[in-house]
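Enquirer: We have chain A; now place chain B onto it with these hints.
Sequences listed follow chains A and B, in order.
The opening residue of the first sequence carries number 32 in my numbering; numbering runs sequentially from there.
The opening residue of the second sequence carries number 32 in my numbering; numbering runs sequentially from there.
Identical copies look the same in the list; a pair holds intra-copy or inter-copy alike.
Dumping the calculated EDC-like pairs for lysine to aspartate or glutamate here, alpha-carbon to alpha-carbon at most 20 Å: (1) K137 with E683; (2) K62 with E683; (3) K62 with E127.
By construction, these hints were calculated from the structure, which means they are not laboratory data.
Please read these numbers as outputs of a predicted model, since none were measured by experiment.
For reference, the chains in residue letters:
Number of protein chains: 2
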Amino acid sequence: MVTSPSNAVDAPSRRERANALRALAMDAVQKANSGHPGMPMGMADIAEVLWTDFLCHNPQNPRWPNRDRFVLSNGHGSMLLYGLLHLSGYGLSMEELRQFRQFGAKTPGHPEFDLDIGVETTTGPLGQGLSNAVGMALAEKTLAATFNRPGFPVVDHYTYAFLGDGCLMEGISHEACSLAGTWQLGKLICFYDDNGISIDGDVAGWFGDDTPARFEAYGWHVLPGVDGHDPDAVGAAIEAARADDRPSLICCKTVIGKGAPNKQGSESTHGAPLGADEVAAARDTLGWEWPPFEVPADLREFWDATTAGVASEAEWQELMTGYTAEHPELAAELKRRLAGELPADWNSFADAALAAIAADPQKEATRKSSLRALNAFAPALPELFGGSADLTGSNLTLHNGSVVLTAQEPAGNYLHFGVREFGMTGILNGIALHGGYIPYGGTFLVFADYARNALRLAALMGIRQIAVLTHDSIGLGEDGPTHQPVEHVASLQVMPNMRVWRPCDAFETAVAWRDAIERPNGPTSLVLTRQGVPPQQRDAQQCADVSRGAYVLRGTGMPDLILIASGSEVALAVSAAELLEAEGHAVRVVSMPCMKQFLEQSEDYREAVLPAAVARRLAVEAGSPHLWHRFVGQDGRIVGLDRFGESAPAAELFEHFGFTPEKVAVLARELLAAT
Amino acid sequence: MVTSPSNAVDAPSRRERANALRALAMDAVQKANSGHPGMPMGMADIAEVLWTDFLCHNPQNPRWPNRDRFVLSNGHGSMLLYGLLHLSGYGLSMEELRQFRQFGAKTPGHPEFDLDIGVETTTGPLGQGLSNAVGMALAEKTLAATFNRPGFPVVDHYTYAFLGDGCLMEGISHEACSLAGTWQLGKLICFYDDNGISIDGDVAGWFGDDTPARFEAYGWHVLPGVDGHDPDAVGAAIEAARADDRPSLICCKTVIGKGAPNKQGSESTHGAPLGADEVAAARDTLGWEWPPFEVPADLREFWDATTAGVASEAEWQELMTGYTAEHPELAAELKRRLAGELPADWNSFADAALAAIAADPQKEATRKSSLRALNAFAPALPELFGGSADLTGSNLTLHNGSVVLTAQEPAGNYLHFGVREFGMTGILNGIALHGGYIPYGGTFLVFADYARNALRLAALMGIRQIAVLTHDSIGLGEDGPTHQPVEHVASLQVMPNMRVWRPCDAFETAVAWRDAIERPNGPTSLVLTRQGVPPQQRDAQQCADVSRGAYVLRGTGMPDLILIASGSEVALAVSAAELLEAEGHAVRVVSMPCMKQFLEQSEDYREAVLPAAVARRLAVEAGSPHLWHRFVGQDGRIVGLDRFGESAPAAELFEHFGFTPEKVAVLARELLAAT
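The shape of chain A in the complex, shown without the other chains (with noise of 0.2 Å):
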């Protein structure tokens, strides 16, 4: 905790340094024209006490791995944040916040991860704040039980979230606050702003819960109707919270826009500038003397964290020391797994486990080939910290070196999620966010749906996280086309930044596991299959190329004809490439396991897989043709499948949908024959 000064004779009242607050929100988002003032003006006062009592953190150092989390969940409220940020030291200047949402500044209209300036995660669509705060918080249970020792609290932070009525109708706010009850996640303390107010109006007419009961049902300490304007109050709750060993909600009464004089309270003031004659009101209201963008040096003085930051960075560096003279080599290992890198004999570890893969070739599904790729590589990555959602022994996500973590036992490493895809990928993506873990979390690809948005920020925000999503088409067979993925696949394709794998085999399922792992700025989805598929042959350099995402599997010299497939298709494609030449053609096969991976190699790699001299080209993938138009072109085939799926035996249903080579091979002697 840091010393407050705050009752120091000559410091400037609490409602003087929230005003502060308030008029570089009103006014930031009255130069932008655009923006959501509501919210920072209603929240000022909690804002205040939090980071001014509470928040232990270091504006010069904004990744110091000790400092607490602060998750702004209602992300409309960014210039809240931005005021905060600026008040307090860190590495955001006036000049940015002149320049709130506008091109190329650090101020976009909703926060953007950016540790630069210590912006924790990327908020706006609702919830999802919440579901990250919750990995934080987990995370840090989970690392200090596993790190921490006696006289060595060496990680022991909290972690805050501020929730509007938004957060708390969404279904992702179920989800991931069950979750944290149930892991006690004491260290988690939110705030919701109950202003009772959201876009389409007051929300009695669409939000009746009894909010507190609702968080008592899933086990979390709450505070009830504390006043959101008075400062003490808020205090009070904040110790409060911070004595109690479960996850904490503090309610805090608000009143949106407060200070605006005749908006105050109302819808008007949460998405649209005041207007220029209620900010003047509002500055008469407020007292607030000072033109935009100004902020008189008291008040300043007042905000700045930086010496009190440093100091307790400080502190927790001597912490560190001794930690390292007494535990030199787990010291080691925090600081390599804080600061995100691999073991240093990482490659050659990750050379010999893809060798032995290769070496032991096996039928098998591909969810069970990743499950033998995370056996084989967990042994050397402790950070790995997995889960799944209520489907471990589906997607085989449960390796033998998991532990299953429990409130009780905090220092595991895998996690059962329940049914709850959406809370699972936020969390995770919070654990990414976190540091010292890179999260994985398996459910069936059909159900990536219910995750999308989740991914889509992890994708966004450029983190590391991997998605093991299993029963990859209609290969799952009898329960049906609601858990028959289809377009999947391609869905997922179309997501900037999200690295699809669809491995045909072991190796390629293993190779891609290493990507994944490897891959320091993005999500990954692992595709799988839930049947078995077999393993295929490849020399040295067709082994180094899967990870150039396609690579001439079957075929030598210029063909007649260019087969192209993934995952449980490469074998069907192999098989109808052999009739094919039976007959007396050149058959290529390639596989293509990450469209995105191949589209990023060189032209000369590209032109060499996949020659523009041969059009005559036929893509085969069980689920949506839609993209491999791309790769076939206008001359070219694809089997594909563009309807939902049955409820059927898989074989049945691959035969009834084309996915044969003999059927595979009546196309192909059609494009052969075409001139």
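Expert: Frame of chain A, contents of chain B only:
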């Protein structure tokens, strides 16, 4: 209420009757060697009481509009539903039960909407059936409020839903049940199968909610701790639920797989056959002496609900006869709406409305055009039932005839869903399934992600549901990349049976709305701009061709180059064409508001719009380029966006990302210069 024969002297015991369901489930799963016996065996006693003593339905006419609705939200227990339907007398033969999970059977792994046999909705993706049930109960309540008259409760039925732990862990349960409480859906009665088990095992490790307290926080009537194997207790709970004017949750303690002596109470019964030995042991335990797929005559007789059902419907028909005599216009309108038919004069009305819109060209955002279209069509369509996920003023979904529905005033046609996109969409699905309404719901296009799997189920079921998805590109501007869809048009396009419209101006928007309204067998996504777009000029043929999905908007004769665009980029393409024409190039502009509609046109029409002879093609869309490769071919180019956007004013973003006539013309000239 059906008169219960359950106390007749010779009637088989309730337990025997329930055991028929258990046996059918375990035997069908065993035969299929795939499926979920645990839930049917656990909930058989509850189902027996509900279907015997309470459910009002007519197996002879599964489309009887006033039937009680029964939703199996924990859809993996499909054999319970199939057993109930078969034994009650629906058109589902024992042979179909034998063919459980086999190709072409009416008994897929998870229930699929099929009114021929009484399956009310497609379930399996957990939590969504519950949201459908909320929609059905809401539809009943508002339809009753609209059409019932003193002495004529012609719309008067219950909606029952079975739920598992998984349904209640999913976030959508929070969204849907909060609304059900707010709307006071007193005729919604849910049975929570509280068996303490999910796929990963004992739920205590990941589901610590006090569920009764949680639902009380939503304003529900909760009956905790009911013994789900005690028919009297279940019956009393249903009576109490029906007597309460809040939605009811009956929490039933059950044993999963009850009757399987060695496996009951364990997750091993959830998703796999019991095995021949355990099936035999269960026969002993249950005292069920009949071979697989045999049910003795006395039990069959008991279960047969056809006589009672025919009598119930006859009673209602009598009521309708009186209603028709006293309120002929209301009755005719109710019948039309329940039949899902558009008004008799719809075509001429819609033609006139389109003509009026064509005659009043305005530069405006297509979301505003959408509101104009709604205002034009809604007076003829009282069945339009809309809402927004807390973005009413942004989505512009509230038309001049909208009346906001509340618990106290249920005869409305507009819903404030709050910030609940997934719940909204599941509820809209339920409204569509109930009948009497054409539902639509608004959110930002980017948040279609949150609702994605509910849109998928609408597509899979083939039901009429309209998603109003506004702020469709970087044109959203300052709110930044979290709110700017990039990949969303593509990701909706690849969903089977989802029709996506991205209109370029007011006229195309109105055509899109009309198409969505007239489409009986699937959902439509209307993708609309935030920013203004100019009106395009069209002759009568062009106006007629809009509904074909793509058409030549500009240019005559065989062109040197084709520009293809959709939505806000059509005007840009036209401007680029003007630049190129001034240089002497013959340029055609194709507007393609609906890719799938175009692909369904005749080959002749497609060739006429996009002649194979013209290989110089340039597609322009401020979004994912991936699907355009198909239309431009390998010689063509695409001006798209394959990365996330930025927070800045929209005009600057279009400029920055290359969406200006000048930049498009530069690429076009490169194409024209290529040999």
